[in-house]
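Assembly of the complex is requested from the two constituent chains, each provided in isolation within its own frame, with the hints serving as guidance.
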Amino acid sequence: MYSEKVMEHFRNPHNMGEIPDADGVGTVGNPVCGDLMTIYIKVKDNKLEDVKFKTFGCGAAIATSSMITDLAKGKTLEEALKISRGDVAENLGGLPPIKMHCSNLAADGLHAAIQDYLKKKGAESK
Amino acid sequence: MDHTAGKPVDPRVLEAMMPFFTQQYGNPFSLHSWGNEARKAMEEARAKVISLIGAKRSEEVFFTSGGTESNNIAIKGTAYRNRDKGSHVVTTSIEHMSVMNPCKALMKEGFTATFVPVDKYGIVDANALEKAITDKTLLVSVMYANGEIGTMQPIKEIGEIVHRKGALFHVDAVAAAGQVPIDVEKENIDLMSISSNDIYGPRGAGALYVRTGTRIQPIIQGGGQERGLRSGTENIPAIVGFGKAAEMVQTEMQAEGEQLTRVRDRLIKRLLDSVPSSFLNGHPTQRLPNNANVRFSYIEGESLILSLDMLGIACSSGSACTSKTLEPSHVLLAIGLKHEEAHGSLLFTLGKQNNEEDADYVANALPDIVKRLRAMSPLTPKELRS
Numbered sequence: 001m002y003s004e005k006v007m008e009h010f011r012n013p014h015n016m017g018e019i020p021d022a023d024g025v026g027t028v029g030n031p032v033c034g035d036l037m038t039i040y041i042k043v044k045d046n047k048l049e050d051v052k053f054k055t056f057g058c059g060a061a062i063a064t065s066s067m068i069t070d071l072a073k074g075k076t077l078e079e080a081l082k083i084s085r086g087d088v089a090e091n092l093g094g095l096p097p098i099k100m101h102c103s104n105l106a107a108d109g110l111h112a113a114i115q116d117y118l119k120k121k122g123a124e125s126k
Numbered sequence: 001m002d003h004t005a006g007k008p009v010d011p012r013v014l015e016a017m018m019p020f021f022t023q024q025y026g027n028p029f030s031l032h033s034w035g036n037e038a039r040k041a042m043e044e045a046r047a048k049v050i051s052l053i054g055a056k057r058s059e060e061v062f063f064t065s066g067g068t069e070s071n072n073i074a075i076k077g078t079a080y081r082n083r084d085k086g087s088h089v090v091t092t093s094i095e096h097m098s099v100m101n102p103c104k105a106l107m108k109e110g111f112t113a114t115f116v117p118v119d120k121y122g123i124v125d126a127n128a129l130e131k132a133i134t135d136k137t138l139l140v141s142v143m144y145a146n147g148e149i150g151t152m153q154p155i156k157e158i159g160e161i162v163h164r165k166g167a168l169f170h171v172d173a174v175a176a177a178g179q180v181p182i183d184v185e186k187e188n189i190d191l192m193s194i195s196s197n198d199i200y201g202p203r204g205a206g207a208l209y210v211r212t213g214t215r216i217q218p219i220i221q222g223g224g225q226e227r228g229l230r231s232g233t234e235n236i237p238a239i240v241g242f243g244k245a246a247e248m249v250q251t252e253m254q255a256e257g258e259q260l261t262r263v264r265d266r267l268i269k270r271l272l273d274s275v276p277s278s279f280l281n282g283h284p285t286q287r288l289p290n291n292a293n294v295r296f297s298y299i300e301g302e303s304l305i306l307s308l309d310m311l312g313i314a315c316s317s318g319s320a321c322t323s324k325t326l327e328p329s330h331v332l333l334a335i336g337l338k339h340e341e342a343h344g345s346l347l348f349t350l351g352k353q354n355n356e357e358d359a360d361y362v363a364n365a366l367p368d369i370v371k372r373l374r375a376m377s378p379l380t381p382k383e384l385r386s
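Chains A and B, in that order, are what the protein sequence lines are. Here our numbering is used: the first residue of the first sequence is 1, the next is one more, and so on. Here our numbering is used: the first residue of the second sequence is 1, the next is one more, and so on.
There could be a bad hint or two in this list.
[As the list claims (entries may be wrong)] Each pair of labels, with its calculated beta carbon distance range:
{"hint": "1", "chain 1": "A", "residue 1": "Leu77", "chain 2": "B", "residue 2": "Pro117", "range": "48 to 56 Å"}
{"hint": "2", "chain 1": "B", "residue 1": "Arg83", "chain 2": "A", "residue 2": "Val32", "range": "34 to 42 Å"}
{"hint": "3", "chain 1": "B", "residue 1": "Ser277", "chain 2": "A", "residue 2": "Ser125", "range": "41 to 49 Å"}
{"hint": "4", "chain 1": "B", "residue 1": "His32", "chain 2": "A", "residue 2": "Met1", "range": "44 to 52 Å"}
{"hint": "5", "chain 1": "B", "residue 1": "Leu272", "chain 2": "A", "residue 2": "Asn46", "range": "46 to 54 Å"}
[To be verified] Heads up, simulated DSSO-like pairs for lysine-lysine below, C-alpha to C-alpha not over 27 Å straight-line:
{"hint": "6", "chain 1": "B", "residue 1": "Lys131", "chain 2": "B", "residue 2": "Lys186"}
{"hint": "7", "chain 1": "B", "residue 1": "Lys120", "chain 2": "A", "residue 2": "Lys52"}
{"hint": "8", "chain 1": "A", "residue 1": "Lys121", "chain 2": "A", "residue 2": "Lys47"}
{"hint": "9", "chain 1": "A", "residue 1": "Lys5", "chain 2": "B", "residue 2": "Lys371"}
{"hint": "10", "chain 1": "A", "residue 1": "Lys75", "chain 2": "A", "residue 2": "Lys54"}
{"hint": "11", "chain 1": "A", "residue 1": "Lys54", "chain 2": "B", "residue 2": "Lys131"}
{"hint": "12", "chain 1": "B", "residue 1": "Lys156", "chain 2": "B", "residue 2": "Lys48"}
{"hint": "13", "chain 1": "B", "residue 1": "Lys48", "chain 2": "B", "residue 2": "Lys85"}
{"hint": "14", "chain 1": "A", "residue 1": "Lys42", "chain 2": "A", "residue 2": "Lys75"}
{"hint": "15", "chain 1": "A", "residue 1": "Lys119", "chain 2": "A", "residue 2": "Lys54"}
{"hint": "16", "chain 1": "A", "residue 1": "Lys75", "chain 2": "A", "residue 2": "Lys47"}
{"hint": "17", "chain 1": "B", "residue 1": "Lys186", "chain 2": "B", "residue 2": "Lys85"}
{"hint": "18", "chain 1": "B", "residue 1": "Lys156", "chain 2": "A", "residue 2": "Lys52"}
{"hint": "19", "chain 1": "B", "residue 1": "Lys120", "chain 2": "B", "residue 2": "Lys104"}
{"hint": "20", "chain 1": "B", "residue 1": "Lys131", "chain 2": "B", "residue 2": "Lys108"}
{"hint": "21", "chain 1": "B", "residue 1": "Lys382", "chain 2": "A", "residue 2": "Lys42"}
{"hint": "22", "chain 1": "B", "residue 1": "Lys371", "chain 2": "B", "residue 2": "Lys338"}
{"hint": "23", "chain 1": "B", "residue 1": "Lys120", "chain 2": "B", "residue 2": "Lys131"}
{"hint": "24", "chain 1": "A", "residue 1": "Lys54", "chain 2": "B", "residue 2": "Lys382"}
{"hint": "25", "chain 1": "A", "residue 1": "Lys54", "chain 2": "B", "residue 2": "Lys48"}
{"hint": "26", "chain 1": "B", "residue 1": "Lys48", "chain 2": "B", "residue 2": "Lys186"}
Hints listed in this document are in silico derivations from the structure and should not be mistaken for laboratory results. By construction, the Cβ of each residue, glycine as well, lies at the ideal position given by its N, Cα and C atoms.
Only chain B is shown next, with the shape it has when bound in the complex (with noise of 0.2 Å):
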């Protein structure tokens, strides 16, 4: 129950890639019969991501390496070239490490940028977005879900605004795509990130959505593919198999969706119910499908993890001790935990082969682990000792 770490590849997604390992290998750049399929196998692909997300055209989805890519494109891609216009930023407190990252890295190079707070349940506050942006902001970049607490913005509604306010609009979709059904027309959205992995396809491979008529530029130069916004050989087997996977998403989101979200109600209300001084993260309805997020006071996640672990339950925490930093997750800070808080959460991500079954596994199992735990620790108040 870690799928925001890394998902299976589908099996029909799997076997649509292998003939472009070692039989179609051809490089779309050639101009002979191996180049063509490639190109044509590439065209296939790109036709099925914009099917996914609502594009009207080919020219708008460029292939990338991923979501972390796409992110860097959208923000410094179009922060460089639009710097006649402007030289200010706007994103929120809780965005993903690559598009907080280069956000950062615009303000060491004459850029500023505001990072605008979320409530407790992770919703952008739409005022404060308003006021952040002014007549020097180029680009407002939001998450579309936020992959750790699972709360989803109100895309289409702060699309409106930063489109009255006259900048552009990037939505980071790595978390939401192929969960819930995105219309990058319906929702005013100008540039959006998607990820590959995350809709069961490989990883290696991810698209930027750039409406027509919006000014970027590319961060890696070279031979010019991708319409010279990408340069680098195409990943043609990683990309055939994102297309499948784009493809298999569409027609089955709505039925996983309903599938995950009764898992996900059902693991949230059993553990909330049998384990004491346990709270939710993130918001009850407005919430990814595969997502739940749950804190348990006066214990840290890791000795959760592990314990997890060997009962042969994968999932993740947001607590310094899980992380290379050292420092709790800055989404659950964002929302308003204690740093002693955020050490106690723990997330599990659903997939698809997970079942109810499966929600009942953890809830069974969970209880008695907090208990040992709790039994351990100096903060434990008496009552909950035994």
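Just chain A, same shape as in the assembly (with noise of 0.2 Å):
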């Protein structure tokens, strides 16, 4: 049913873990639909130092986690900002069908801890 790469990714996921003294957080998801994901940045001259996840859910919710953080990691916010759904699934060769919209979260997540992160920087320059 999944790529090889999906697999790889789930198998041996990158990046995986929490960052406590993370610069923004984004969760999106809900257990009830069976997949949560939390994304965390650290970020240092505009530019994605870390990221992490820690992702309840199914096979393509723990691969894609991974593969976002493999593809936000030293990108500028503007760049990591303009990483699709689709740029997700295409770098793990693909998703089935039906995980496309319900598990393909990673990038909203992504997004979800820069706006956090940009929020708070706003807010301490006020």
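Set out below in structure tokens:
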């Protein structure tokens, strides 16, 4: 059902864990639906210095979480905000159609973490 | 350990079937000797199925393509035929989709249906069932055992209630037949569905028991095979295999049941003992010998299945992520689980080749898998993270 790339990320997910002093945190999904994802980011000089995730969910949810951390690390915030759900799926060699909407939340999680960071920063500068 | 999804055909069954593909390929409808041969083989198979379920007469068993078709004929066939007597059917909230969906289809055709609730173990609420039956009720359909949580119903007692209230009693025994002894006469059953593959026969065959005198009409019309109730050329190789499987399972059921119950209880106990925040779904003792359904909090079933598959262990889950509809199992919701609890359920259905070693293999592998997935999950409470 899943591509080899998805299984690789499911078996050995990259950047799993929390960042205790994260600059931004984004949580998307809902355990009722079977997927819940939290993305943590550390920002330095407008770039994503570190990205980590914690995920409750299916194989696709875990693999997309792992992939988004790879795609986002080292990017500027503007670049990272442009990463789409489609980019995540494409880099994983595709996802089963039924998983495209329900489990492909990682890009949303990353964007939510960046928005959280920007909001906090805005509050600080006020 | 996913035998509800599919069982291997017993080699003795396959051997019995083989001549009917290439040599004895007659049609029971034909008058010549090839036809006679096929007809004889089919009636022998019927006698074996009759013996398995305690039926009295050969006219009471009709061959179908499997459990789904048997359930459809039983529900729609009795509803249409008895429309002059009533317009209401009663069933439960944990039935197989091949009972649920025909009942829902009837609701679009002017019938009404009541889905009686079950308790936290999956046992049907007999009081609610009795109250649900009105003078408009023509049929009550209750499964013998639930294939997902393993819970077995007090069929005989439910049958008494149904008959006292004057309705017909249909039992979906697809999951139970061949695992536990069933007697349609003693257990007050008017109609009963069984399937060949669930007793180690081939797919594509099943049967519907219809007690003599029960008013029913066909859903599939055609050349009038199976005395008009199920037209279509008989699938003789599959029916012969089904008969052979019925004969074998009748003699081997008790020993297999005892063996599987031992393996089942060992697996359940070891999993509950070794994994914190793990729970049994279904009834602890009123349970099919082959069924172990355990749920693990804070993680999701598909991830568990993929992890176990890497170790050569096959099982299934009630998680939405493993279903085509993206809804968790209606059975797990009916026993009162929350969506997120249903997601973390794992179903092991044992087959006769499974032994204690298999139970230990699974029980040794699962704690680490659960730990790994819980370490990833944002839902896991602190004390379970390390």
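Status of each hint after checking the structure:
1. A:Leu77 with B:Pro117: 48 to 56 Å: Given a distance of about 52 Å, which is inside 48 to 56 Å, the answer is holds.
2. B:Arg83 with A:Val32: 34 to 42 Å: For valine 32 of chain A against arginine 83 of chain B, whose Cβ atoms are near 41 Å apart, the range 34 to 42 Å holds.
3. B:Ser277 with A:Ser125: 41 to 49 Å: The hinted range 41 to 49 Å holds for serine 277 of chain B and serine 125 of chain A, with Cβ atoms some 44 Å apart.
4. B:His32 with A:Met1: 44 to 52 Å: Holds: the Cβ-Cβ distance is about 49 Å, inside 44 to 52 Å.
5. B:Leu272 with A:Asn46: 46 to 54 Å: For asparagine 46 of chain A against leucine 272 of chain B, whose Cβ atoms are near 51 Å apart, the range 46 to 54 Å holds.
6. B:Lys131 with B:Lys186: holds (24 Å)
7. B:Lys120 with A:Lys52: Roughly 39 Å between the alpha carbons, so the hint for lysine 120 of chain B and lysine 52 of chain A is violated.
8. A:Lys121 with A:Lys47: holds (14 Å)
9. A:Lys5 with B:Lys371: holds (23 Å)
10. A:Lys75 with A:Lys54: holds (20 Å)
11. A:Lys54 with B:Lys131: Violated, at about 49 Å.
12. B:Lys156 with B:Lys48: Roughly 23 Å between the alpha carbons, so the hint for lysine 156 of chain B and lysine 48 of chain B holds.
13. B:Lys48 with B:Lys85: violated (34 Å)
14. A:Lys42 with A:Lys75: Holds: lysine 42 of chain A and lysine 75 of chain A sit about 12 Å apart, inside 27 Å.
15. A:Lys119 with A:Lys54: holds (22 Å)
16. A:Lys75 with A:Lys47: Holds. Lysine 75 of chain A to lysine 47 of chain A sits at ~6 Å (cutoff 27 Å).
17. B:Lys186 with B:Lys85: The given pair, whose Cα atoms are some 26 Å apart, holds under the 27 Å limit.
18. B:Lys156 with A:Lys52: Violated: lysine 156 of chain B and lysine 52 of chain A sit about 57 Å apart, past 27 Å.
19. B:Lys120 with B:Lys104: holds (24 Å)
20. B:Lys131 with B:Lys108: holds (23 Å)
21. B:Lys382 with A:Lys42: holds (23 Å)
22. B:Lys371 with B:Lys338: holds (22 Å)
23. B:Lys120 with B:Lys131: Distance of about 20 Å is within 27 Å: holds.
24. A:Lys54 with B:Lys382: It holds: about 13 Å lies between the C-alpha atoms, which stays within 27 Å.
25. A:Lys54 with B:Lys48: Roughly 56 Å separates the two Cα atoms, so the pair is violated.
26. B:Lys48 with B:Lys186: Given pair lysine 48 of chain B, lysine 186 of chain B holds - Cα atoms ~18 Å apart, limit 27 Å.
Going down the numbered hints, you'll see the structure goes against 7, 11, 13, 18 and 25, while the others check out.
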